[in-house]
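Engineer: Chain by chain, the residues:
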Amino acid sequence: MSDNGKHTNVIVRIQRFNPDNDQKPRMQDFQIELKPGTTILDALQEIKTHQDGSVTYRKSCRHAICGSCAMNVNGKNELVCKTPLRERLDKNGVCTVRPLPYLPIIKDLVVDRTAFWEQYLRVKPWLAPPPTVQTDREYRVSQEEVAAIRNAETCIMCGACYSACQVIALNKKYIGPHALLKAFLRVLDPRDAIPGERLADLDGSDGVYRCHTIFNCIDACPKGLNPTEAIETLRKLAQRRLKVEEERLERQKTITEPIA
Amino acid sequence: MSNTTTIIHDVIIVGAGLAGSWAAMVAAQQGVKDVAVLSKIHPLRSHSGAAQGGIAAALNNVRPVAGTGPRGPLEQVPPGAEPADSIDLHVFDTIKGSDWLGDQTAIEIMCRDAVDVVYEYERLGCVFSRTQDGRIAQRRFGGHSAPRANFAADWTGHVLLHTAHEQALRHGVKFYSEWYCLDLIIEDTICRGVVALDVLTGAIHTMRAKAVLFGTGGYGRAFKITSNAFANTGDGVAIAYNAGVPLMDMEFVQFHPTGLYKHGILMSEACRGEGGYLLNAQQERFMEKYAPDKMELAPRDLVSRSEQREIDEGRGVEADGQGIWLDLRHLGREKILARLPQVRELAIDFVGVDPIDDLVPIQPTAHYSMGGIPTDVDCQVIADASGAPVVGFYAAGEAACVSVHGANRLGTNSLLEASVFGRRAGFAIAEFVKGGAKLQPLGGDPAARQRQRVREMLGREGGELVEDIAQELKTTMTNNCGIFRDEARLRQAWEDVRALQARFRTARVMDKSSRFNTDLLAAIEAEHLLTFSEVIVAGALTRTESRGAHSRTDFPKRDDKNWLKHTVAHKNGADGPQLSYKDVDIDWQKYPPQERKY
Ligand SMILES: Cc1cc2nc3c(=O)[nH]c(=O)nc-3n(C[C@H](O)[C@H](O)[C@H](O)COP(=O)(O)OP(=O)(O)OC[C@H]3O[C@@H](n4cnc5c(N)ncnc54)[C@H](O)[C@@H]3O)c2cc1C
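Chains D and F, in that order, give the protein sequences.
For what it's worth, the numbering used here labels the leading residue of the first sequence as 12, then goes sequentially.
For what it's worth, the numbering used here labels the leading residue of the second sequence as 41, then goes sequentially.
No lab work stands behind these hints: they were computed from the structure.
It is possible that part of the hints are untrue.
Said to hold, decoys possible - Straight-line Cα separation of at most 25 Å, DSS-like style, residue types lysine-lysine; simulated pairs: (1) D:Lys135 / F:Lys73; (2) D:Lys46 / F:Lys474; (3) F:Lys375 / D:Lys46; (4) D:Lys184 / F:Lys214; (5) F:Lys375 / D:Lys234; (6) D:Lys183 / F:Lys264.
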């Protein structure tokens, strides 16, 4: 690959598979011109709109907030919208894009996320509001309490962590890093009324103890979040579940009052 | 395309952004058992999640420190202090921002409901940033005369969307994720359902319902540089227009002043709300010339025009002179990391600049669609300028035009609009359904027409590529129907759009398969862009004045005598739109039109 910028041609190698027609996945090379600033998503778009419209993938916001475009690039899960193609070319000028691993393939780079969303639902992702109903003001939450859940708040449910997890690879019953991170958000939120019930559910054999702390999820997260740490926190809290419940009841007694 | 069935629900909501999610959640909460939501992408991928800066409501949690001026520091309002902000002030700011084209009853309702809606989000688990005493944090935003943008760092839309979706799930709403609405079934101005394509299988289904809501989002994708997601192709407005429903005020398109240079990706207005500057090539804060009082926090239409003027007069930055600098350096590392973490990452990822240390190149970017499907204040869609209803059809959010933004939307008012009116639609629909609304009979097989449409599209061989036509459309819309407009350019845009519509009829879809055919969907979306763009251009060409975001260099003044009215466009066969006009709802005692100065 020459380095003089303008007319460098590079190869994007894409895994293709349409279960209606194909026996098994195959790799297909597409040549495109590398322009400054091209992201991997730009490259896929160029290929789809000008070379082969049947190349299929999900996309939407194109700035790393909608969570549609997590894929496996050169063996690593990432959001293709924010990844510069130039940084993912090997020494032969090739970038290899595959679907997220361990999930059934719908078509090309589109995977079936049914199990992923089922686990999300299983942890009851919604807040269970406190019994003291505050109708005309907000509940009071401290800046420290907000900071404590920031690690989970910005999760975009892209699935990069889920499909990098070695436990998920073997066992789809495992709740998974994404849903555990959501559970962490709810358990730590001072407004949630059922942290004890949540911790009891997470304590089961598909929950927090399944995590083997291999840290793949941390490496994969495009938002820099740390599901492993959240899972470890949940583990500790699960051990003192009754205490957590008690503390929450106590905290909620003053949830409508100004933070001192 | 076999295996098709008729699907029936009490209520079908198309769109799972804030508008659709609120409508679904509230309708279910109000006791409607069978509420279904369709979304062409997974609900949590909806574009509402991309919103950054905040949601407006006069909560009175913070105020400017006395004596520090309009850009000074903020403090939490001490208990018992005089309120610094009010609903009335929010109403006035919105009316002024709209350049008096906003309907004032709707604006009053929105600003009043704002307070409830934001507290409701909080009670439902939304993680907001907080003041020291634990209230929801607020910041300044352009065109608002008090700090009333309630926020969660710079990912406000993300936390709102997740909260609304979670609560809709909690209330048992059924989601059809990755189902694409192709058509709206209306006969005798009664809505009977929709036709939708299951993206996974390619099967096309008739879906009948007693009530249908469109919360299908905006149409920014008709422009070349845009902050909008790929999904924002104005499907809902195009589908409604084709079904005989009028569109209102489509010529009003907002260009946001700070899109990342060349990408258009948004650098939130919160950058300026937190104190950021705009600089030209001479490193001058050029807003001094255009809005000496509000400076960078003047409303978006004015700031974008000022930037464009600097660019046009040769004071732009970057190689092609099409950029402007956004300067955040003086805010300091700590504030940027706490308040603007996402925009910092975006600048690093997309233009390779860390705003803590360097100037960020930006340019105006097509951002928000003020126009849309006209409704009354309860989201009931109207069939004409007289306000007759399209029975059973509702619209809310960016796809709708109620109209609270008039000629120009203020930042943070659209998350608000989508939430407030989505919620109101939920109540209205529940009342309609529980009041005995019936499933209406269908004449013929509406799905068959769509199957035929898809078959025809897939059958085309040869022909041009869809993308090339779409790109030409975006180019002409940007160059000829963009920030500055005039008769010659708009005529050119009209010619171009009509010619492109004709060329599209033979354009080719490359993927012929049924399974997850996103190539087909891109073609349908391009057809939608071509469909509503003619309405934008026709409205802009006819409106011989400058108001809000519609700026005619050949008619530079606002003309209340002739143009204080909404444009209502009906499809008129192949001839393009038929325009009529509707009065603006104005309280002449309280909020008579004034000159708009900042
Ligand atoms: C980058 C960015 C930042 C913003 N920041 C702010 C901000 O800080 N404050 C503010 O107030 N506003 C902001 N806005 C504007 C605001 O986000 C939007 O106006 C608002 O979220 C629109 O919500 P909605 O529910 O109407 O539509 P959307 O959230 O866009 O949802 C549209 C829905 O319709 C579905 N849909 C569309 N077509 C079809 C079809 N044919 N079939 C099936 N489903 C379909 C989509 O899948 C999606 O679920 C911002 C906008 C952008 C682009």
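Engineer: Against this structure, judge whether each hint is valid.
Structural biologist: Hints, one by one, checked against the model:
1. D:Lys135 / F:Lys73: Answer holds: D:Lys135 to F:Lys73 is near 20 Å, not above 25 Å.
2. D:Lys46 / F:Lys474: violated, 58 Å
3. F:Lys375 / D:Lys46: With Cα atoms ~34 Å apart, F:Lys375 and D:Lys46 exceed 25 Å; violated.
4. D:Lys184 / F:Lys214: holds, 23 Å
5. F:Lys375 / D:Lys234: holds, 19 Å
6. D:Lys183 / F:Lys264: Outside the cut-off at roughly 43 Å; violated.
Of the numbered hints given earlier, the model fails hints 2, 3 and 6; all others are met.
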